[in-house]
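Engineer: Throw the hints in and build the complete structure from the sequences for me.
Numbering (our numbering), first residue to last: 1 to 235.
For the record, the hints were derived by calculation from the structure and aren't laboratory data. All residues carry an ideal CB built from backbone N, CA and C; glycine is no exception. Among these hints, one or two may not hold up.
Here are the computed distance ranges between Cβ atoms for each label pair [claimed, not checked]: (1) P80 / Y226: 35 to 45 Å; (2) A210 / P60: 49 to 59 Å; (3) D227 / G160: 27 to 37 Å.
Dumping the calculated DSS-like pairs for lysine-lysine here, alpha-carbon to alpha-carbon at most 25 Å [what the hints assert, rightly or not]: (4) K111 / K127; (5) K138 / K111; (6) K127 / K138.
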Amino acid sequence: MPVAHIVYVHPEPRSFVAALRDTVRDNLAAQGWEVTLSDLHACGFDPVVRASDFPVRQDPDYLNYALEQRHAVAANQLAPDIRREMEAVLRADLLVLVFPIFWFSVPALLKGWIDRVFLSGVFYGGKRIYAQGGMAGKRALVVASLGGREHMFGPGALHGELDGMLRPLLQGTLGYCGFEVLQPFFAYHVPYLEADQRSAILARLAGELACLPSRPALPMPDLTRYDEVFRPRMP
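Structural biologist: Listed below in structure tokens is the structure:
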């Protein structure tokens with residue numbers, strides 16, 4: 001049975017983002033997926049990187065967070081909340097991030113989850129990036145809500161393209177770690193919609209989840225076009 005892990009971020013349990021989460025969970029479960037969930041607000045996940053994340057330090061005098069991550073993995077000394085979240089992602093074939101877009105980006109809680117859970121040496125490291133990253137063979141899907149209208153986003157639109165706006169997440173995080181990043185799902189203008197309009201968005205999401213195996217993926221850098229230190233190869 002394939003496993004999907006949902007990471008959900010919203011402070012209001014009755015939010016429309018919660019309805020997006022439930023739609024993802026219920027439809028994937030109906031398709032035969034085992035679905036697990038991290039509700040970062042409900043579990044009180046701490047998004048702040050701290051020296052105390054590492055009970056045993058490689059260098060007690062100077063904190064290099066990425067190097068201490070590698071040491072903690074090798075020494076089996078991860079903080080319990082980091083280990084729990086990391087293992088959930090590693091077990092999953094599909095990672096689904098469900099969140100509202102804040103200020104052209106992800107909520108701080110989700111960014112902090114990534115900072116603490118996407119461990120150097122496990123998710124990425126050295127030349128283990130993109131197709132060679134630690135999450136190669138897994139897929140990732142972003143399901144996000146926002147207040148803007150659909151016509152405000154896209155080539156030549158007021159705010160530009162959403163995929164470009166979220167490039168730090170889609171490419172710089174998920175793609176960089178090796179995930180096949182599926183085309184995101186966006187719910188527009190949500191705070192200002194009537195109930196029937198919100199229901200139509202949920203129905204559209206359910207329909208797109210039914211076609212998940214054929215959902216297109218975003219293009220990522222082709223490592224064969226770069227040399228051993230990632231300089232572009234000559235044509």
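Engineer: Now look at each hint and say whether the structure bears it out.
Structural biologist: Quick rundown of the hints versus the structure:
1. P80 / Y226: 35 to 45 Å: The hinted range 35 to 45 Å holds for P80 and Y226, with Cβ atoms some 38 Å apart.
2. A210 / P60: 49 to 59 Å: Once the Cβ atoms are compared, 53 Å apart, the range 49 to 59 Å for P60 and A210 holds.
3. D227 / G160: 27 to 37 Å: holds, 32 Å
4. K111 / K127: holds, 23 Å
5. K138 / K111: At roughly 20 Å apart (the allowed maximum being 25 Å), K111 and K138 satisfy the hint.
6. K127 / K138: holds, 18 Å
Checked against the numbered hints given earlier, this structure breaks none of them.
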